[in-house]
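Q: Take a look at the letters that make up each chain.
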Amino acid sequence: MSFAGNAWGNAWGSAAFRHIGLLHDTAAGYASGCAGFVRLGLNAGNPVLVAVPGSHARAIHDELGGDAGHVVFTDMAVAGRNPGRVIVSLLDFADSHPDQRVWVVSQSVWPTRSSLEYSACVTQDALLNAAFAGRDATILCPYDRSALPAGAIADALRTHPILNDGTNTWDSPDYTDPLGTARLADLPLPEPPQQAHRFTITRPEDLRWLRRAIADLAAAASLPIARVRQLTVAVNELASNSIEHGGGRAVVAIWTEPGVFVCQLDDAGTFDNPMAGWMPPPREGSRGRGLLIVHELSDLVRIHQRSDGTSIRVHINISAVVKEPETYGIEFQAG
Amino acid sequence: MDDQLKPGDHVCLLYDTMDDQLSAVARYASTGFGSHQQVVYLADAGKSFDGIVEMLRRKGIKVAEALTSGQLKMIPAPELYLDGGRFDASAALEALPRWIADARDAGFAGLRVATDMGWTQLPVPGVEQLAWYEAQVSGVLADGYAMGLCCYPDLGDTPQKVGTAHPSTVYGTVYSSDIDGAWTPQLRMRIHRDPVRLCVTGEIDLSNRDCLPPVLDRLLRLSDPTGPLEIDFTGVSFADVATMRLLVRAASAWPRGLTLIGCPEPIAEMLRMLDDSGGRVMFADNIPDSVSP
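These protein sequence lines are chains G and S, in that order. Numbering of the first sequence is given in the working numbering, commencing with residue 1 and proceeding in unit increments. Numbering of the second sequence is given in the working numbering, commencing with residue 1 and proceeding in unit increments.
These are computed hints drawn from the structure, not numbers from a lab. No residue lacks a Cβ here, since even glycine has one placed at the ideal position from N, Cα and C. Misleading hints may appear alongside valid ones.
To be verified - Which chain S residues face chain G? A few, computed with CB under 10 Å, are given here:
no., residue
1, 17
2, 74
3, 75
4, 78
5, 80
6, 140
7, 163
8, 164
9, 168
10, 205
11, 241
12, 245
13, 274
Could you put together the complete structure from these sequences and hints?
A: This is how it looks when you write it as structure tokens:
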């Protein structure tokens with residue numbers, strides 16, 4: 001396995017942060033590629049995190065054998081269900097190991113991701129480069145060429161400065177400015193359905209009423225009470241932000257899709273910080289903390305910059321069942 | 001019909017017409033008279049005082065008797081707010097404790113202050129201090145003897161952000177027509193003594209959270225530094241993220257942290273998520289027979 005070979009030594013250059021796309025075609029290639037990478041970290045005496053969907057973790061675990069005991073495993077199907085939470089969780093791992101290089105296998109893309117989820121994954125993969133710039137971290141993101149569409153592989157080449165295919169390592173010629181890539185992933189959101197409930201809020205005093213309306217609609221859609229409360233907090237944050245910073249007015253649309261309760265807020269605001277919500281703001285009092293909480297409470301958050309303002313869509317899954325990437329195309333041994 | 005306001009309440013009332021305002025003031029005063037509370041009304045001197053007295057009389061208020069007995073005091077608003085031709089927030093704040101002391105000395109069960117804030121629409125020097133002033137008033141009122149009804153003309157927005165400095169905001173027509181008592185303030189805050197404890201009920205969000213810092217300041221001044229700050233959250237049904245950050249900051253600033261009593265679990269869960277104070281936000285069950293709002 002080339003990860004262990006000398007070719008790696010120079011291949012990823014001297015940058016503090018190394019973000020590598022692992023392009024693989026088979027389950028065996030996935031397991032050996034990830035495990036080889038993990039061993040590099042372990043051999044260097046550094047902390048290693050494997051954040052992949054639970055069903056995939058088993059393959060890496062088995063490949064590592066006894067070494068697996070020295071690795072932290074996180075189920076990305078849960079922790080990264082909302083791609084907007086991934087960067088925060090990886091930064092947390094890095095922050096919990098100060099003065100050490102951290103090694104992370106991070107897989108947030110799998111074939112059963114919806115198109116909205118997928119575009120959030122591309123944004124996350126791009127912004128990871130900005131969030132970790134200058135940090136001592138090596139992050140490997142596996143991409144399955146046999147199961148993912150060609151467009152997803154092309155995106156991986158744009159978001160990962162270094163690529164590896166299990167044999168060779170090279171600089172990605174397509175890698176480009178991460179903020180520019182994130183902008184390209186900012187696609188218009190599909191129109192809310194006609195039957196969506198719509199409310200316009202213009203004053204802080206409207207928030208109390210909006211929370212009631214959302215709680216009633218969410219409860220009627222059979223959202224569990226704990227999720228209703230989380231949704232209420234999330235939408236309240238977004239609506240407050242619209243009143244304070246988004247032109248003083250927001251149009252709120254609420255509807256359900258199969259298995260998902262959806263809220264969208266349209267306002268006249270602009271986003272001057274592309275990292276807002278994706279990582280903690282630099283200091284106390286600065287904006288962006290509310291959006292961070294919205295990501296934490298929601299199953300998906302999509303932000304689209306329109307020519308005349310901003311649209312933010314929030315998904316809350318109606319059932320608590322986690323959508324596992326079981327149709328991955330690779331057969332992993334069951335736990 | 002009596003209103004639902006209690007000592008400690010601080011309400012921003014938005015009115016369209018002078019008649020709207022006086023209907024609200026009449027209901028407010030009438031409730032106070034029935035509860036042996038004193039009423040201080042700072043009326044807008046831009047209108048004739050005699051005219052205001054007559055309009056209140058027509059709304060069923062026995063103005064002459066109340067003025068004679070001392071249960072009603074009417075003061076021209078500019079006398080307090082525009083002394084020297086400018087708004088001096090600190091000077092204006094000194095009046096409230098004085099009125100409270102006078103009302104207590106006279107044996108009243110409480111004090112209701114109503115103010116016509118129509119003058120704030122004039123280009124008055126110092127008017128930018130208004131939101132700060134109103135928030136400080138929330139802090140003074142949290143002692144729980146006096147209450148305030150601040151009547152602002154409803155101009156579609158409040159440029160000085162005065163609404164958010166009050167625990168609750170209501171339209172004049174809603175307050176005046178609420179004969180079945182369905183309307184209650186969105187937020188109530190009272191600081192009880194023995195033990196010193198802030199009791200909060202209702203919902204805290206963008207519409208009212210600016211009034212919280214002065215109330216917390218007052219709690220800090222009154223609390224024993226050898227123990228934690230105590231806030232009873234039993235009656236809080238919603239608190240937004242900025243409010244929780246404020247509580248975390250208060251906990252960080254106080255030597256022994258902050259104990260939230262009876263905090264509903266969904267709010268506690270969010271607070272734990274936001275708490276970067278190293279465990280200085282603590283939770284305690286609400287013990288029966290303890291102080292309640």
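Q: Checking hints one by one. Is residue 168 (chain S) an interface residue toward chain G, by the C-beta closer than 10 Å rule?
A: holds (9 Å)
Q: Grab the minimum C-beta distance from residue 80 (chain S) to chain G and call the hint holds if it beats 10 Å, violated otherwise.
A: Hint violated; residue 80 (chain S) Cβ to chain G Cβ min 27 Å, cut 10 Å.
Q: Report holds or violated for the interface hint on residue 241 (chain S), using the least CB-CB distance to chain G and a cut-off of 10 Å.
A: holds (5 Å)
Q: Hint validation: residue 163 (chain S) versus chain G, beta carbon distance must be below 10 Å. Holds or violated?
A: holds (7 Å)
Q: Double-check residue 17 (chain S) for me: the hint is only fine if its C-beta lies closer than 10 Å to a C-beta in chain G.
A: violated (20 Å)
Q: Mind checking the CB of residue 245 (chain S) against every CB in chain G and telling me if the closest is under 10 Å?
A: Since chain G brings a Cβ to about 7 Å from residue 245 (chain S), closer than 10 Å, the hint holds.
Q: Min Cβ distance, residue 74 (chain S) to chain G: is it shorter than 10 Å?
A: At 29 Å from the nearest chain G Cβ, residue 74 (chain S) fails the 10 Å test, so the hint is violated.
Q: At a threshold of 10 Å, is the proposed contact between residue 205 (chain S) and chain G supported by beta-carbon distances?
A: Given a least distance of 5 Å, the restraint on residue 205 (chain S) holds.
Q: Tell me if residue 140 (chain S) is really an interface residue toward chain G, meaning its C-beta lies closer than 10 Å to one of theirs.
A: Because about 23 Å separates residue 140 (chain S) from the closest Cβ in chain G, which is outside the 10 Å limit, the hint is violated.
Q: A closest beta-carbon separation below 10 Å is what the hint needs, so does residue 164 (chain S) meet it against chain G?
A: Status holds, d = 6 Å.
Q: Closer than 10 Å between Cβ atoms is the bar; does residue 75 (chain S) clear it against chain G? Give me holds or violated.
A: Violated. Min distance 29 Å.
Q: So, residue 274 (chain S) near chain G? Judge it on the closest CB pair being under 10 Å.
A: Holds. Min distance 7 Å.
Hint violations for this structure: numbers 1, 2, 3, 4, 5, 6, all remaining hints satisfied.
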